[in-house]
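Student: Each chain sits in its own coordinate frame; assemble them with the hints.
Read top to bottom, the protein sequences are chains A and B. Counting in the working numbering, the first sequence runs from 1 upward without gaps. Counting in the working numbering, the second sequence runs from 1001 upward without gaps.
For the record, the hints were derived by calculation from the structure and aren't laboratory data. There are no misleading hints in this set.
Covered stretches of chain A, as calculated for chain B (at least 3 residues, CB under 8 Å):
1) 183-192
2) 348-359
3) 395-406
The following label-pair restraints were derived from C-beta to C-beta distances:
4) B:W1086 <-> A:K185: 12 to 22 Å
5) B:G1101 <-> A:A160: 42 to 52 Å
6) A:D437 <-> B:E1147: 43 to 53 Å
Which residues of chain A face chain B? A few of them, derived with a C-beta cut under 10 Å, are:
7) E362
8) G363
9) A372
Ideal placement from N, C-alpha and C gives every residue a C-beta, glycine not left out.
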Amino acid sequence: MKHVDEPGYSNDIDCYIRNGGYEDLKKAFAMKPEDICAEVMESGVRGRGGAGFPAGMKWKFLDRKSGKPIYLVCNADESEPGTFKDRQIIHQDPHQLIEGMICSAYAVGAKLAFIYIRGEFFEGYRILERAIEEARAKNFLGDNILGSDYSCDIIVHRGAGAYICGEETGLIESLEGNRANPRIKPPYFPAALGLYQCPTIVNNVETLCDVKHVVSMGGAEFAKIGTPGNTGTRTWCVSGHVMKPGFYEFACADLTLGELIYDVCGGLRPGRSLKAVIPGGSSAKVLRADERFTGKLKNGTAFDWGIGDIPMDFDSLMACGSMSGSGGVIVMDDSTDIVEALANINYFYAHESCGQCTPCREGVPWMRKITARMVAGEAREEDADLLNSIADQIAGRTICAFGEAASWPVQSFIAKFKDEFVEKAREQAARRKEGKDAAKETVLI
Amino acid sequence: MSENATPDPITINIDGRDVEVPKGINVIEAVKLAGKGKEVPHYCYHPKLSVAGNCRMCLVEMGMPMRDRATGDPVLDESGQQKIGWMPKPTIGCATNASPGMHIKTASPMVVEARNGVTEFLLINHPLDCPICDQAGECRLQEFSAEHGRGYSRFIEEKNVKPKRTVLGPRVTLDDERCILCSRCVRFSNEVAGEDVLGFVDRGTYSTLTCYPGKDLSHNYSLNTVDICPVGALTSTDFRFKMRVWFLKRTNSICTESSVGANTTVWSREGKIYRVTPRRNDAVNDTWMTDSGRSLFKSIEGDDRLTHYTVDGVQKTPDEAAAAAAALLQGEAVALVTSPDSSVEEQFYHRRIAAQTGAQVYMVSRVGEGDGILLSEDRSPNLRGALLNGLTDEIPGQELNSLAAAIESGAVKRLLVAGEDLTQLGVASDLLKKVEIVYFGMQANAVSQVAQVVCPSLSVFEKEGSFVNLTFRLQKFAAAVPGPRGILTDVAILDRIASALAEEKAQAPLMDALWVQISTEVKAFAGITWRGIGSQGVALDAESLSELNFIETKNLKYDPATFGQAQVAPAGVI
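Pulled out of the complex, with its shape left as it was, chain B reads as follows (with noise of 0.2 Å):
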């Protein structure tokens, strides 16, 4: 772990060549820092997880520059230049901390010799069953062994024969034979998810992972225990055998189950989702996140899906709908439900439209139990983008009670509604029949069988955009996949509205000339440009909703004692 670094540079010299480097950091995370394509092979070492050193692939050849014993000076050689006392056996570049003056050689005949060996080692009880495996295509082992490997087998015995399809727990299987015994999956379970449930039994060649007796492996982190194996010994379950990982596109995306927004992968093909995985952001989720946020893909797919605009229940196109929901806005007595569930840009629409038809916003937060790791106790992903965009000032409560009174008394005659289904949220049924409503939304409830307009919205795989998080990061996410033929963003068709109640031409603009508007017209925002989100986010400036009392508590990386001072994200190593 890279936990000991620190911000001062120190030269070391890798392969004769002088790099800095922060002072601490180990040999893998060092050679990958001096750059050039080096990269020190490894793979028990993860750098989210303690050291183990026990695959002994990352073997290196390391020196000091030599000193006499005696008198402490330098030790020079006939050229003047400082000796180097190299070890006379390789070390592990894992465990191995830079300091001022070491050398590293990665490529000597010692450490090819050496990872050749581990290489033959690790593949002669391996079942080497590839054209069947889950991992193929993005398998360690596979890759090493062609980069490391002899490229035969001197191996004439008979292989071990282990378990082939253990169930740990209720997402993950395990293949023993394919399992090399790296640890990450104890150290996993036990240093980040914090559940003491796996290890191994027996000795020797035949040790064997497997979770404790009485236990199994079903807490809600047990996938990435999938993701962090180094080769297809954890397979996860549902994706087994599903997909060969070559044939999926990879989309960056934010996990839409907390206020954390992990960044996630999207792996997809023609239009399907297969896979979510996590994506490395050290400044919100390190490289994990959590079982239940994987599937959340999984309800794109549902019966319930709005496939049609329709007005008064009548099928329409787009524009028409558009139409007829600028129409009915400008009306009297308006009011808007926002959600935060919706994009910054669907806020900034839901601002602007609030703003032109005079509409008082309503808003609940959504609050579940935290676990203190990455599921936060707010359970939407963009309270914080409706704070910046200005439709609340305050944290909003989980009812809706003053606008079911609003109806009632007759305050509000129309509402547009995005997403949220208002009957669970403390506004009767029959309440809504007294308003007219605009509704936007993935799935059919209680609203849109009864609202006058009816669009319908893409999930969070289907369209882009960004949310802001609980540490006031702003971040983004791609489309995937295309949504149901037909339909257009919600934000295509905010901005038609907007346009109609302004009486413009609807621009339809792309996310570029949006932001551009954003960054303009709300202050929170200002200077930011979509492409300037790059893939890790933007740090915002909390100060001016720093008195807010946010419910989130402590977990992986938020603090809210000291969350003032941590707005910047923490130098570490990437």
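Only chain A is shown next, with the shape it has when bound in the complex (with noise of 0.2 Å):
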């Protein structure tokens, strides 16, 4: 998001030009598909939607062999909470992610591309849908792209507002029309049989508007940003207990946690104190402000780590036992109580479990209602213990990774927190004895 801050940008195509767009669309046709794709494997661009992985592999899975029309899908359902960057991109940079879409589905072979945005995204649904009306009348888009013999259309499709959409497997059903129940796999790994049984490359927006940037500077060259594994920028959408929430683009382990908080965001609220962040969107593990991260890289090299000195990237962070996830820090300081806090974590993954499988469907409103009866005054000591036997229970036994994103965080909170969940049914004990007591006396009288 190079050019977003500058005074009058706007995100009309005429704007996007005159900064040099569409230019590395000229140079990607003048490449051939298969060296993207290895320019893309080569810049070691991982997925920002979530997971990680890297999208020159998960191009290189495509089945391309079963003759059947290929298609790519843009994962704009941006729904995990805390996550705000493909909204922004869209919002004020549409035509860097359709640049980037067309070099991807040139790349990729796909003569059909969808963006499937979440519905409460109406503005960048008006926005996309313009974009694209403007691409095509100068032939980025349409049929034989810039007098080259390929043709490539996108279609914008809005969902109806709901979490698990932005499962790549619930997404295709949702695109198809169906309820967005995940698809189990195997068999139905998208590479081999995604959208209407065919061969589809799922990636998030972020991840496509970095292939327009592989194509523009090579993969080697956009490799050099960041670290080796951990290449390119991220955008770190940064909310909660900070002065200055917002999103901000940084190479990948350019900065370093405290860096992101206290120099970036302004530091905390004046008086208060960091109690704990997490780090990659609501499923993501917390992180403790007084904890010590040590362990090994996976380039071997040792560390030894306090909150504010993980660097912000993909291994760091994993190492340190959370993930970079969606990018989404949820920054939480003294006055944030614990309990409270997952309450509403539950909640939202409660509301949102498609029903499709049991441990899900049945598992997570459970620890909804007990984290909801904790906040209640019902605590019991013995829950925090359930909570997490719960969570054990779910996660890895699903059909997608809402199983995991809903365990991560009670599993996380339980672990690190768990003499405030022990306190706070200690406490309500207490004032429940009082409180009877209380009326004993009452009667008495």
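Tutor: Okay, structure coming up:
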């Protein structure tokens, strides 16, 4: 998002072209599709949607021999709480996404691409529709793009606002017009049996934008941004108890979590101290402010970090037991009631579970009921262990990754703040007893 | 589904034991095949439906032999055995197809723990109303909870509340609280019945099974959804609250609705039938049957049933009636109306009596509209039996005009009628007064009223015998309930008549002995013994009748175009 902060930069095509837009598309068409794939592979660009899977690898899995049409789908369902980067890209620089998509579609051999945008993004939908119209008028989209023999079109599809539509197979079901129930894998890997049972690539908005830059600067050059294995830039969406919440783009590992919070976001509110950070959207495991993170990175170097020292990239956050996920950094200061925070997260996941498979359908609402009861003043000391055990029974046994997404917050909140859960129960028990004693006295009188 | 299964066997390892299974079958079926009483518990998987993978009960541990990524060489452990790379998470057995060298653990701590968890989840919002639930006794949730559950509940929150008696269609009532959302009924309606009527509304734990707006579950296969419902959610409106299933006796039977001959189980207690359900036969009806076929048993309780042997309107004993019938048939100009509803054994006697009396044999075939699934155009269970018995060598018409003409002309003066109401088949009732009639039948009708000798018959639920279905599969049925008091089988009376005609002493043979006679006298049944007809039936050679133009069109297991080659039961997993 190089230009978006420049004064006078607007999201129409003329402005985009003035700033060098669609030049990379011309460059891409001068290349062979397989060369672009190779560049993307070399760039090491990892998926920005949450899982951080290398995009080049994903493309490589594509079944090109089936003879069926190949589809490219842009996942703009951005529904992870704490994440708002895709929305910014769509609102402020939609042509960058479109250019990235055409480059990608050309590379993977797709003749038709879809943008699945979440239903709540009505403005984004309007902007994209207009931008696609503009791109069509200039022949960046449509038949024989820029005089080549390659044709491609993009269809924008609005979801109806469900978290599960961000799961790629759920998204595909929804795009087909069905209930967004994720598919079982195997056999329905999108790269082989995706949209309409055809090979399909589903990439995040930010990932597809990165492809444009890979084409622009070449894979090797792109890989120089960030550190090996953590290439390119990331847009961190900082929310919660900081003075300047917002989205900030940095090269991977260019700054630490501490720098992000204190230097970039203006620190915490006056008089408050840091309690916890969820670094990658609400499903990422929480980091406690007074924790020490030790261990070894993938490349073998040992580390010993406080929470402020953690470099913001894929591997470092993973090494600390969490993940960079979708880049949604949620900051909590000492005014946060941890149980209430978890109750909030649980409410969200219980509301969003699609209900297809048993552990998630039954387990997540159970966890919601427990935390809701704890907040309502009926906490029991054993609830923390029960919550943890329920989460253990969900994670790894569901059709899609929602099971993990809903369990990780519970597991990590309990692992790191169990004392607060137990304390809450004791406090409430004491208060209840007091109330009972008071009631008894009243009766006696 | 085991549709990927091929006959060439592969070796996989289940709980440390190598077993041979067909390539491509899923782990649930492979474990079943491997025997030793092992079962992978499951709810949503059904062998005849697509795989949904949503109940998560069939989680097993799966591993494949390890190979070096770079060289492709097997990775060996210290003892020189190829190492097994176990998946870190359990996988669902229903969607995991067997491949060579695959290792499966069905009872490891991880698997046991996973089943434990799924069982607990399924029970937290379950109403646990087993004492008033019709499914109790045949409930997978009940069985697996006992087997794989913890036995106590950690759930102290409020349970979800859902509708308790939603009428989904004329025959099916839904208790939504019991539903575990396995989607078997949804898939069945789509994939087998071909009617997209069921679906889920709402999300997550509030998901609710319902009919699509403006539709209801009224197709003729709706009760199959009740059969395959692994819990007590879908109930048969007819059967619901009538009887506990463990009191019911099960009898193998055959549906008489059409020439498909769906295999059925008749559920009865103390002489009363409570329900009829399909019985699995992969060569005939898979695990399905029509709703209309299930209600046929109700006809046996009709008021119009014949309950006494009569000769000239006077009640007689069976022996007296048989003797009177034999005397009547010994005269001249005898004709015999046999029936495609009669069993092979009855038809065998019809043939014998026709030969003894020189009778001309008449017969009709009953025709209706087929549905392309399990209701065929030929609405009688045993037309092919009559053909193989040699009672006729062509497909009969739907009326008996030639018989009417023969009576008119006086060429026929004496008639033995098996069950048919001739007045409905083109023989005017005043013509019947010109002939003397021996009538066998279940219900009173215009023929029984004028017949000289009336022998009440038993229904298919009250006697044993066999039918030959549209794919020339000989299938037997057993008596589920006793018939009205004092009534013998048609076979017993026919045997008395035939013996009297031959001036021999009646044998009243049992089925075993009768089939010795049938297999010697009728070429098409050569080599078949009564006991040899197993519960899945016997495929007969249809070669001799391949020239005939049968009326049935393509349905679930029958395709007239390829029928010649499809004689042998399809190789598959049972």
